[in-house]
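Just so you know, the protein sequences line up as chains D and P, in that order. Using UniProt numbering, read the first sequence as starting at 1 and increasing by one per residue. Using UniProt numbering, read the second sequence as starting at 1 and increasing by one per residue.
Hints are supplied without guarantee of correctness; some may be wrong.
[What the hints assert, rightly or not] Chain P is nowhere near these chain D residues, computed Cβ spacing over 10 Å in every case:
| id | residue |
| --- | --- |
| 1 | Glu73 |
| 2 | Glu74 |
| 3 | Gly83 |
| 4 | Lys266 |
| 5 | Ile319 |
[Said to hold, decoys possible] The calculated label-pair distances, taken between Cβ atoms and stated as ranges, are:
| id | chain 1 | residue 1 | chain 2 | residue 2 | range |
| --- | --- | --- | --- | --- | --- |
| 6 | P | Ile271 | D | Gln150 | 28 to 34 Å |
| 7 | D | Lys101 | P | Gly61 | 45 to 51 Å |
| 8 | P | Ser60 | D | Gly385 | 20 to 26 Å |
In case anyone wonders, no lab produced these hints; they're calculated from the structure. Quantities reported herein were computed from a predicted structural model and do not represent experimental measurements. All residues carry an ideal CB built from backbone N, CA and C; glycine is no exception.
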Amino acid sequence: MTLARYSLIATAVLALAACGKQEEAPAPDAAGAPAAAAPAGDEVIKIGHAAPLTGNIAHLGKDNENGVRLAIEELNAEGVEIGGKKVKFEMISEDDQADPKTATTVAQRFVDAKVAGVIGHLNSGTTIPSSKLYSDAGIPQISPSATNPQYTLQGFKTAYRVIANDVAQGGALGEFAATNLKAKKVAIIDDRTAYGQGLADEFEKAAKAKGVEVVGREFTTNQATDFMAILTTIKGKKPDVIFYGGMDAQAGPLTQQLKKLGIAAKVIGGDGFQTGEYIKLAGDNAEGQFASQPGMPKDKMPGFADFDKKYKAKFNTDIQIYAPFTYDATRLMVEAMKRAGSADPAKYLPELAKTDYQGVTGPIKFDEKGDIVGGQVTVYQVKAGKWEAVATVGSPAAAPAAAAAPAEQPKQ
Amino acid sequence: MDIFIQQLINGLVVGSIYALIALGYTMVYGILQLINFAHGEIVMMGAMITISAVSILSGSGVNLPGPLLVVAGLLVSIPITMLLGFTIERVAYRPLRKAPRLAPLITAIGISIVLQQVAVLIWKNNPRSFPDLLPHASHDFMGAVITDLQILIVVLALVVMGGLLIMVEKTKLGRAMRAVSMNQSVASLMGVNINYVISMTFVIGSALGAVAGVMVGANYGLAYPTMGFMIGLKAFTAAVLGGIGNLAGAVAGGLLLGIIESVGAGYLGPITGGVLGSHYQDIFAFMVLILVLVFRPSGLLGERVAERA
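Can you build the whole structure from these sequences, using the hints too?
So this is what it looks like as structure tokens:
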């Protein structure tokens, strides 16, 4: 029985080690956080940024952080006055590890540090639980990338996002699959995260509404690399299109394994894998697959070319996805502070609701829930190893009329 | 039917990977009664170093056919992981050889975390794509598909197991290993250099780990610094399932676990009417672990050993 006893102990110790690991990691980040340090003398306004900076989507988190960093360094260089006083901004960046539990710890740390506002989080699964803490503390939060509808449906006055939500995105993808791809049968896989599941649900609704038959619904996790079993099940149901709700770290190997099994169906999905990383991970198999991105195509974004140049010069790397969105979010948050003449969350929150900002990603206005008004969704396809925009689908809310209407609906 | 055969093949391939890694766990356990939790990280290191070596080689204009390039990568990564295995044993386990058995278990976990973080420092946290170098033409097998690479993985697991069995049974080193595993002090009185034997066990186990890592990387097309944790845990489960300390048991356990997981994930949804979906794939490994520990603590092929003081 010795073995049994030690194995059990081993499992228990391992479980402890796993917990330990999650708590340890943020420490170095916290230490290295005051990146955009401000010189003494001026009043310092702290802006929190949270995203996974470790783990398998750390490349996206880092990209978000770079967007905020760029905005803050520019603002500090320009010299901003709020209420007649010169101020400097400081970013406090924290690692939420794409983990809901860690995210709430991070949120509490921001609340304790009395940040003026938070840009983040990256994932819906981390944004939603942390939004409660920000709401209780009255700290405005702008997510650049959380697309789960639930985020702004909780009635929190502090919750905003600068990206179209999954009702728009899933709906657009469902319509695209039915109309453009002429799919008759689809299979749906999601990674059981708030984002993946939410997007897949919206896709399913839209596809069914268009008369497309959903022949299979399978699940995986955001840590998995083996999808052979679920793909084999799906193969037997012969779908034309396979929808994946999740991130690139899974979508890449999933696409490879799909080809290995000889499944000819096209892969389609959301912004989670409309990344360069996906093409690297899926290799040649990425060719011809589809994924969407809320917002206009990059080349149609009014300030993208300029932003891209600045970003590359500063960080010497390519933009992954959301950096332009975190950049805009940071800038429009500061604009609201300027208009209110105060960085006190209670004072500038009403101004944030009235935002009418011309950003790198396009015009940004918020509706009464905190969602962006007139968010569009663009579907991309991998052609010759590069994402190319193939269609821009306007969500119901994004009809030109709605966007042009005086959409000044203050949040309070 | 072809779907079921495909699920079996999927399970066989995953199981062979588990088996390759489980061999490393079981060798060390057989000799030291120590669960070397750092083995999963050795597997990861093998994969990551091979990727780097291959990309440096092909970047510097070496023009070799794909499989040879992978072999060249392995020639770089195997010595490094061997050295790593040797060092780990020397630094983290040997000083604790007389300590209570929980102590080396804890250093094992410590080493595993250190290796993981070192890998993050070297390679960053992004998943690295594994270059597409090994042949993967697919073959039709009774309506199911199997690729060259998958056949290679299955064959490799069996060949490695066979090689190890021959080594343990027929060579001088193997005889010394068996002696050390039976009784260290008596073995050393008989002139066996136990430190050498234990070091060699780690060195051989780590070399196998590197090969397994490359197979994992090639099969899934990617590798990342945290990959060792889950796959190591599964392989450990496989080793316990087969009877830890027993080489054939590790392979049998690995194959069985792979097939249970694959078939389970494929049919769990329909059987439970959608209550439990296919994302519960991973719980099979651990359910199996618990059941084995409860009903047959020494594993399927393990011998019942009397409680040792």
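Original post:
So which of the earlier hints does this model not fit?
Top reply: none
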